[in-house]
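In order, the protein sequences belong to chains X and U. Using numbering that gives the first Met the number 0, you'd call the opening residue of the first sequence number 0 and step up by one each time. Using numbering that gives the first Met the number 0, you'd call the opening residue of the second sequence number 0 and step up by one each time.
Any given hint could be a false lead.
If you want the footprint, here are the derived chain U segments under chain X, 3+ residues with CB under 8 angstroms [what the hints assert, rightly or not]:
| id | stretch |
| --- | --- |
| 1 | 26 to 35 |
| 2 | 50 to 61 |
| 3 | 67 to 73 |
Which chain U residues stay away from chain X? Per the calculated CB distances, all over 10 angstroms, these [stated by the list, open to error]:
| id | residue |
| --- | --- |
| 4 | SER10 |
| 5 | ARG109 |
| 6 | SER111 |
| 7 | VAL137 |
| 8 | PHE139 |
| 9 | LEU144 |
If you are wondering where the hints come from, they were derived from the structure by calculation, not from laboratory data. Beta carbons: idealized from backbone N, C-alpha and C, even for Gly.
Now for the letters of each chain:
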Amino acid sequence: MSDKPEDKKPEPAKTAPVPAAAPAAAAPAAPKPAAPKYVPPEPVLNRKNGRLIEDRFTTWPTQVFINRWSRSGYQAGAAMLTGILLGLAVTGGVVGELAKWADKFYALLTAVAAAKGLPVLAVEIAWVAIKVLIVLHIVLINGLWSIWWERKISAHIQSRVGPTYAGSPSGWNFHGWAQTAIDGIKLLLKEDVTPAAADKWVHALAPGLVVAPCIIAFAPVLFGDNMAAASLDIGTLYIFAFAGISVIGIVMAGWASGNKYSLLGGLRGAAQIVSYELPRGFSVVPVLMFAGSLDLQVISNAQAGYWHGIPRWFVFYPVVGQLAFVIFLIASVAETNRTPFDIPEAESELVSGFHTEYSGMKWSIFFLAEYAYVLLGSFLLATFFLGGGASPINSVPFTLVPSWMWMLAKAMLMMFVFLWIRWTLPRFRVDQLMDFTWKFLLPWSFVNIAIAGLYLAFWLK
Amino acid sequence: MLDQIVFYSLSVLVLLSALGVVLQRNAVHSSLFLGLSLAGVAGLFASLGADFLFGAQIMVYVSGIAVLVMFVVMLLGRASDLHLRQVNDRWMAALLVCAVASVGLLKIARLSSATVATVAARPGTHDIGRLFLGQWLVPFELISLVLLAALLGAVFFTRTENAS
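Take these sequences, add in the hints, and give me the full structure.
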């Protein structure tokens, strides 16, 4: 693939000797003398084994823009994109709905247990253990993926390129894909420092108390139709309840470090997260009113169908849907302590806030939790407002796509929005932050509930 | 069998962490034990099949009240909070009051603890909603009014007059 530009570029230079050897072959070039055309110098130095290594810096820009598809990078990129799309289509077609496979696997487990004479309880325990492991790995792999993605997005927003070389020393180091994994190994090997002034036990427990509730909160999260680790009737309440526990870990980390900056960060974190939990919870109330349930599957099912081609997603309900969506998005960003709302770890004031005194794996666990909350927020946005696993377009190639793919696509879109917000907006001041939630988000979420009540009374009976 | 293991281990957790709240010298450790104790109560609710109460307990008490207690302890804490004995020489009298209160509670609980639920536990959110906004509407609204009064009272007492 990479030798194609080599064939094309020297062509103008070669046209002169060719007619002498075979006059019939190059008919247009032979009759009139070649026009005085600029011929770019042929890149000689960048050859290896007779192949051009990289034509990016040796080709003249004019030449590049005449036919950009002649460049190896464009061809590789196009091939990769086509491959990804084809791969997704084939995966979707072959795998289909994942819930079906889960049912088959559960039936297999029961059959095996029945054949061996094991009790039903053993099957249930094994099944729960499998689901717990899957959810745990979703959280862990999300750490690898989203940190790499965030670094690439932040780099491109700031006109940099981000991780480029990590991967394999002489081979496939596609956009530094291995950067986060290698960083993780580095963090595992780093010294774990506990400051002398720290409260040892609380200091050591804090990262666990931040990340554990987050993993627990993933239990009822919907990854596709009928695809949640636990189908809970109180799903929404359960997620919000457990997501709120993490703030205890932040406060513990801030206090136990024995450092005034950490303590300030912990206190700010507590004040911020407790405050933003309110608009976050109340912004979902219209959704719960329309769906009539706290169960995420019921909420997702309530958004099935189309109005004249527009999907009946809650985000498309006039006024209420958009207001709820925006409030929920803002409050979710605030809950993750990310940039417009990152005063708990404001670098310019508090060194790095509540995790100043953490190093190595304990430090990275705080980040694992942060990105897990980004993923949680993305899936919740997709479920509450973007129709869960429903297709946005009511026509054949789109409606055939399995629900987990739509869910994942919507969640990734929302995750992109999270990362985009972080690298676009400057940080709030503390008082602005508090004013924003108590004087703007909370009143408007109440107004939103009232409007939703009017809708239910007069329109959506 | 499994129910009983869960119940007794959660009870032990709740009681031990409640003792920790009272006996720890460090006020911050006490507040952490308070959070653990409240979470254990939530676990008891869950083991009894009261799913909505479980979620509400976690949301309001563990991630709300316990966090606020911690917040206050850290914000207003003095150095003496970290090593002050929490028990003074009136502990006998306090223990007596607690004992009497516990016996009273036990007597009240006995009245209804003999009735065993005949149906399996099922999700109760809808039923709770209907009861709150139907049969028990007036008590529900009265409690809301009490909470509102408490809120306004807190604002009133903490408001400082402008010096000018």
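Hint by hint, here is what the structure shows:
| no. | hint | in the structure |
| --- | --- | --- |
| 1 | 26 to 35 | holds (count 4) |
| 2 | 50 to 61 | holds (count 8) |
| 3 | 67 to 73 | holds (count 4) |
| 4 | SER10 | holds (21 angstroms) |
| 5 | ARG109 | holds (30 angstroms) |
| 6 | SER111 | holds (25 angstroms) |
| 7 | VAL137 | holds (21 angstroms) |
| 8 | PHE139 | holds (17 angstroms) |
| 9 | LEU144 | holds (18 angstroms) |
Going through the hint list in order, the structure satisfies each hint without exception.
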